[in-house]
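Enquirer: Start from chain A and add chain B according to the hints.
The chain contents come next:
There are 2 protein chains.
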Amino acid sequence: MYKYQQLYDFSRNIFLKIGCSEAHASAAAEVLVSADLRGVDSHGVARLSGYVRLWEAKRINAQPNIRVVHETPSTAVVDGDGGLGLVVGPIAMQIAIEKAKNVGTGWVSVKNSNHYGIAGKHAMMALEHDMIGISMTNASPLVAPTFSTERLLGTNPIAVAIPAKNQPAFVADFATTTAANGKLEILQRKQQEAPLGWVQDKEGNPTTNANAAKEGGSLLPLGGDREHASHKGYALGAIVDIFSAVLSGANYGPWVPPFVAFLQPPSDPVGEGIGHFFGAMRVDAFRPAEEFKTHMDNWIGRFREAKTIPNQEKVLIPGDIEREMEAERLKNGWGLHEAVIKDLEALGEKWGVRL
Amino acid sequence: MYKYQQLYDFSRNIFLKIGCSEAHASAAAEVLVSADLRGVDSHGVARLSGYVRLWEAKRINAQPNIRVVHETPSTAVVDGDGGLGLVVGPIAMQIAIEKAKNVGTGWVSVKNSNHYGIAGKHAMMALEHDMIGISMTNASPLVAPTFSTERLLGTNPIAVAIPAKNQPAFVADFATTTAANGKLEILQRKQQEAPLGWVQDKEGNPTTNANAAKEGGSLLPLGGDREHASHKGYALGAIVDIFSAVLSGANYGPWVPPFVAFLQPPSDPVGEGIGHFFGAMRVDAFRPAEEFKTHMDNWIGRFREAKTIPNQEKVLIPGDIEREMEAERLKNGWGLHEAVIKDLEALGEKWGVRL
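Residue numbers (the UniProt record's numbering), protein chains in the order written: chain A, 1 to 355; chain B, 1 to 355.
Among the hints, erroneous ones may be present.
As the list makes no split between identical chains, a pair holds if one copy fits it or if it spans any two.
Unchecked claim - Calculated pairs, DSSO-like style, for lysine-lysine (alpha carbon to alpha carbon, straight line, at most 30 Å):
| # | residue 1 | residue 2 |
| --- | --- | --- |
| 1 | K307 | K183 |
| 2 | K314 | K214 |
| 3 | K307 | K214 |
| 4 | K202 | K307 |
| 5 | K314 | K202 |
| 6 | K101 | K165 |
Keep in mind the hints are simulated off the structure, nothing from the lab. This structure is a prediction, so every number in the text was calculated from the model and none was measured.
Isolated chain A (complex conformation) (with noise of 0.2 Å):
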């Protein structure tokens, strides 16, 4: 079992040894171990080692000079100059806060960055100013849409963490996919299937295979197929898209550089690095926030106390799942993946970093 300080640590450690500066090393390995604490185990410690890749392939930039390119009194475009998005990302966030605190919202929209880890995060920091906060970005291309067998988008998450009064916030954090990526590569460890909807085979057939998008295929958007509505995942990721990368200038659809190291970015660039987008609205730029959280309290419980489907789970509240899983591993710590440890444990001795 892990804990989150020994992984912190380390990660931290990792990223002080590439050259970012304390600030920023921190801030990375505190996004970074935020999605292992919250169960999104795929965007954790376990991308430490690709981040670190990258660097040495001189795709990653550790001493970016994050600044504003161009704003408005409720927006603006930052560039990322080619930083760790787990760096970039808070950053950009709370120029969004600081514009909200000063007109009632703020609108962020990121180029010239890099995969920012779980995108729940950073929309989270809004919560403690009662604000909502809202966070989205590209990514490398996995998605077909619908009707075609091209990848062009990425699996473009969406997050949105509203505010409560006792009640915990509602945290919405989910791909635009039917499926994120990291589910299926727990199927693919398992050697199991995937459920039909999830995947397609590169000539665009229905398909259970789990590696399927490794194969030429590709991840489906949300709703699967068009009888279920996949033209609306698709819509959705579409959106996320040109927020977060025709509105900046970074790289959108397929020209999305990939995250991995062995895979080269394309080379006709239409943009800068990846995007992202960010937005924070002051709760009391509607109306008191007293009332908006109250009434959020309400909204909660009453959606808590549906009746269920007999046999079924209760309902849930978005990120409750999330929540709940924080509070027990950082109470007990939790167990990586035996590849994860190699890995981790490979990178401390190249960096001379004790696990």
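Expert: Here is chain B on its own, set in the frame of chain A:
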């Protein structure tokens, strides 16, 4: 075949008869008939008599004092004063646009309104200003959250309109359910079955009975079931509900009043009327509009040319189907369902308005 002008004039005259001002009657008729034009027949003149019956039941105010009750430079809450959503919607969206002119973006949450027609029409108001438009609304509860048998959410649509340069605009407009209620109504009329994943029966079992939601069952959130990520559709519907109603002070969840006059609103309201949420983002609050729109053309062109699955349709851009329908119907007119014609004729007779 019916022509646009004929149905617009008829609808406008009916709205005048129930006491709407000239300006309000024009706005309402334009929004209403735009749904027919775009092929969303369920939201067009088929609903005209429904609005009148709600007015007869004193649940719609034909002479509302629509006003801003709270604002910041980038936000407002609008009180619709019980008016037609068809009238409140464009006024609130215009306020969002004005705020975007001033500070980059504008965000308006609306309470005390009624059904506002098709979501996309309002979002598209932003396009001529080189802005991105966003429109969403809550609605009478028909949808069960994942694991529940209770109808706690409406079909809560989201629309996002994004301008391009030479390409037509990107206009996504979709219910956050697998299928909009209008699609079920078509199956009901044809006495056909629904695909699994659209509805469940009153015990929460999957069913192909297209009438299930009328028999105590529910529509299902986008995704359909837990294995296909209905929790994501549920989260989207919940976000629409909260932005539209908890932010503004409208009714939310199961407290949203029904659109039909023969059902009474809940006796314990938690707010006023139904709620909407509008957003406008000036493209040049992020980057020069020409640059953005040129990249949107590139985005759209690339997706439109995507390789297709053999024997399937071409890849579509959100809004393609509705735009082609609009061009066709503007030119040649369109047919109405027999029941709708009878309904309109009866309405015309009652109010002395010629169809």
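Enquirer: All the hints need checking, so say for each whether the structure fits it.
Expert: Hint check results:
no.	hint	result
1	K307 to K183	both (28 Å within a copy, 27 Å between copies)
2	K314 to K214	between (35 Å within a copy, 24 Å between copies)
3	K307 to K214	between (41 Å within a copy, 18 Å between copies)
4	K202 to K307	between (42 Å within a copy, 11 Å between copies)
5	K314 to K202	between (38 Å within a copy, 17 Å between copies)
6	K101 to K165	within (20 Å within a copy, 34 Å between copies)
Figure legend: structure checked against the earlier numbered hints; every hint is met.
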